[in-house]
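Q: As you go down the protein sequences, you meet chains E and Y in turn. The first sequence: position 59 = 59 (the numbering used here), numbered continuously. Heads up: take any position in the second sequence, counting from 1, add 480, and you land on the numbering used here.
Hints may contain errors.
[As the list claims (entries may be wrong)] Each computed DSS-like pair below joins lysine-lysine, with the alpha-carbon atoms no more than 27 Å apart:
| # | chain 1 | residue 1 | chain 2 | residue 2 |
| --- | --- | --- | --- | --- |
| 1 | E | 291 | E | 141 |
| 2 | Y | 711 | E | 27 |
| 3 | E | 261 | E | 290 |
| 4 | E | 201 | E | 35 |
| 5 | Y | 563 | E | 27 |
| 6 | Y | 841 | E | 78 |
| 7 | E | 408 | E | 141 |
| 8 | E | 78 | Y | 840 |
| 9 | Y | 774 | Y | 923 |
| 10 | E | 200 | E | 218 |
| 11 | E | 200 | E | 408 |
| 12 | Y | 497 | Y | 528 |
| 13 | E | 57 | Y | 711 |
| 14 | Y | 711 | E | 78 |
| 15 | E | 56 | Y | 711 |
| 16 | E | 414 | E | 394 |
| 17 | E | 19 | Y | 711 |
| 18 | E | 57 | E | 201 |
| 19 | E | 414 | E | 443 |
| 20 | Y | 497 | Y | 518 |
| 21 | Y | 855 | Y | 764 |
| 22 | Y | 923 | Y | 877 |
| 23 | E | 321 | E | 368 |
| 24 | Y | 563 | E | 35 |
| 25 | Y | 617 | E | 78 |
Note that these hints are calculated values from the structure, not bench results. Here the structure is a predicted model, which means the values were calculated and not measured.
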Amino acid sequence: MNNYVPIIGLEIHVELKTKSKMFCGCKNDPFHAPKPNMYTCPVCLGLPGALPVANKKAIEWTIKLGLALGCEIPLFSKFDRKNYFYPDLPKGYQISQYDQPLAVNGFLVIPSVVEESNLSVSGVRDPSTRRFTPSVGMTNKKRIRITRVHLEEDTGKLLHATVQGKKISLIDFNRSGVPLVEIVTEPDIHSSEEAKAFLKKLHQIVRYLDISDAEMEKGSMRLEPNISVSGRRLAVSGKRIELPNYKVEVKNINSFNFVKKAIDFEVNRHIELLDRGETPIQETRGWDEKKGVTYSQRIKEEAHDYRYFPDPDLPPMRWEKSQITNLKSQIPELPDEKIIRFVNTYQLPEVDAIRLTENKELADYFEKCIKYQVSSIKKNEVSAKDTANWLLNKKIHIVKISPEELIKQIAQAKRKVTVDPGLLQQVLQEVLLQNSKAVADYKAGKTGVLMFLVGQCMKELKGKADAQEICAKLEETLKT
Amino acid sequence: MLLDKTIAELAKGLRNKEFTSVDLIEECYQTINQVNPKINAFITLIKKPDVLKIALQRDAQRTSSSSPLHGLPFILKDTYNTKGILTSAASHVLNGHISQYNATVYQKLLDAGAILIGKMNMDAWGHGATNENTDYKPVKNPYDTSRVAGGSSGGNAAAIAARMAVFGIGEDTGGSIRNPASWNNITGLKVTYGRVSRYGCIAYASSFDTVGPMGKTVEDCALVLETIAGKDPYDATNSPHPVPPYFEELLNISSKDTVIGLPKECFSEGLDLEIKKSTEVAAKELESLGFRIKEISMPMLTYGLAVYYLIAPSETSSNLGRYDGIRYGLGREYFTPETRRRIMVGTYALSAGYYDAYYKKAQQGRTLFIKEYEKAFTQCDVLLMPVTPHPPTRLGKAVDDPMQNLLIDVYTVTQNPVGVPSLALPCGFTATGLPIGMQLVGKMFTESLLFQVGHAYQQVTDWHKRKPNLIEAA
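Same shape as in the complex, but just chain E:
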């Protein structure tokens, strides 16, 4: 019905999990610090005379992320000062990157649910699982352009509390100077589903690279969509859409689902306004997760003037091509490649491959299982598909159960299934006859002996049966 197209761009901040902070040697562990302000030094407290020294690892990791996102890595980059006042910013400026970031012009391919996105998009959601299933979209891929990936430092954290009846603000600098990567996309996203798919995929890549915990609840991954709605329908994909003359930024969202909800809320709000012939105000809004609404935080007065200039305390960065190639070679196999390999190597359905590669730990576990089964179980006894099925459907605790253990379980389960029902019945009868005392006890109410009888049956069957099945059958027989 409507001709509106949501125009969405994303800005994502990810805290890197380097051992030390971005510009000093302090421990980088703000979320597990036993006390506030304990991981601090003159540098991250902004004391007079302190100087920053850049963390090499953080720079390399940012470049790796840039490469994983298909970015170009300019051979020259630098840090700039972003000057503004806020009590959580001890130097009066944030060391960031302005016009020459570490990585530019990348892209991320995401599953796109519908070619032409509009508000009915949420209906595509699978009603039974209530889950966004990427496999649906994998047949319909979409490229979201990434404008830039840059490196900066995080700020301290303000806590507003009432102490002895007095309202006060406290500052914790444990987070001050933690390396923070900012990823900015072009406004190529046209639905909340796409936004969520993009974020999930980015999160997955960050975790694959093992450069951040990317935990949204803790704030080590922070999501900020900017949203506007264009009145013009997107005719053919790839054709330029006219960008609206406003945009609304929503801050402080800490889950993918909330991003989706916030976008849906905003898009609806904008459309209502647009329908009335009004233009939404350019502003920054917050997300109220309890009420499920966004609320105005600050209207963009005049554009902020951060007086960016190159940080004279930090020499610019110049790279040799070989250094970039070297970093590229250190990037592990990423989900997209892994999916293809899993499909080709293990003859798995794409949907299985996608789910198995959702996180690297599961994918690695799967491959360990495959390796083990080849060496220790009869050939082809447990197929890759069997393993995949178990991993995907049986909630296997991959930390507690070793791959070897799992393969044994699968093999055993497979063997059980092959027990002839006639044989099973025969064994059952024999066991009941030979253990008449136990049978009598059971009938007298000592139901505990049931497990003894199950054990006897299993013994006869040399373990090649499903204990639960035997148990049920026994109960059934004993009751009659």
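Using the hints, position chain Y against chain E.
A: Showing chain Y alone in chain E's frame:
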């Protein structure tokens, strides 16, 4: 006076037990008590009993392998962090600010066994050329207490001239070591950018700031630089360039193979005639030592002040952003008018819409200076220039005229944007008895050559041996 001796002489005397560190401290404090009230060089004078205690320890610890600075009393410009001691940058914005850590340069001197006796008055945040922009009252010139000591490292220079300490560490962003060195008849070195760690030095303009020695003689500066120079992992702009044995190398020079260039632009309009004459006589003196003197031209130098007074305020406007009074010190309302002017100018130059016209243009100017100096150094090895356009001003004169204040730096503001080292040393006196200095400028990391030329000059002249009458009177 023991304090008339050079560092090498003092080190030898201490080693041979001719006198002790305690004797040196006693003499310093006696002079300080008598002379400092007249010139106001100190912001913090460390309590004498505390210093004596350290001096006793040093006397007991001394071995033949001790550093030449071991047991020598020294001073720091109040811009260096000294754990447990007030570090104010001469501004009430840092009222009561007790340092939480040690500046690298201070730590290196402590490690060498030197003894800190005081933190010195200066132009607040380094903003000034007369040491009148201070919340601790101006420093007066020991040669004429109705005149300024110069700035911004004025307290250091006046105190060293008046024999209150053996040597000091100044900080030079656009002449702040060289200008007061000249006006107080002492020797001071603006090092190559990156030669000495800036960690713990309160920043004025980060890309210009340099940490350097101030002393009575060239050889004193050489000994101090040997101790404080070198790689510091806490300063990313610090250079890994090896530190030569400056003192040992002092005589390793062939004067006839060394060309000293005189940029004619520095000797034209605006230069005081007595300073011009003294500097030219010094050039003749050097020529008589075998150095080859050559007149050259550096027309770009005329743009020095314009470039300097855009980049330095831009950086300082950002560097001073942290002094918000939230965590330490007092509020921004305590910035002086001169500092406010520099913050305003810098904020403006970095603003959207003006950045290209001012900050960026100035950085382009900076590149032209680099080329200008490169070109000059194809024609000569060392440049000889005046330090200031006139002798020390009367108290209150320059501070009432901000423009005049800026102009004092005309000969010293182009070296910092380029990064090259410059050694300021005494070369005469005016008819009224005011000191005159000259500066020797070299290529990056040629401190050794500057020391050699300066030392050769000081071997045949005795300007540097003169001291203010004030001490004699005391």
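Q: Kindly indicate which numbered hints from before are broken by the structure, ordering the numbers from low to high.
A: 1, 4, 7, 11, 19, 20, 22, 23, 25
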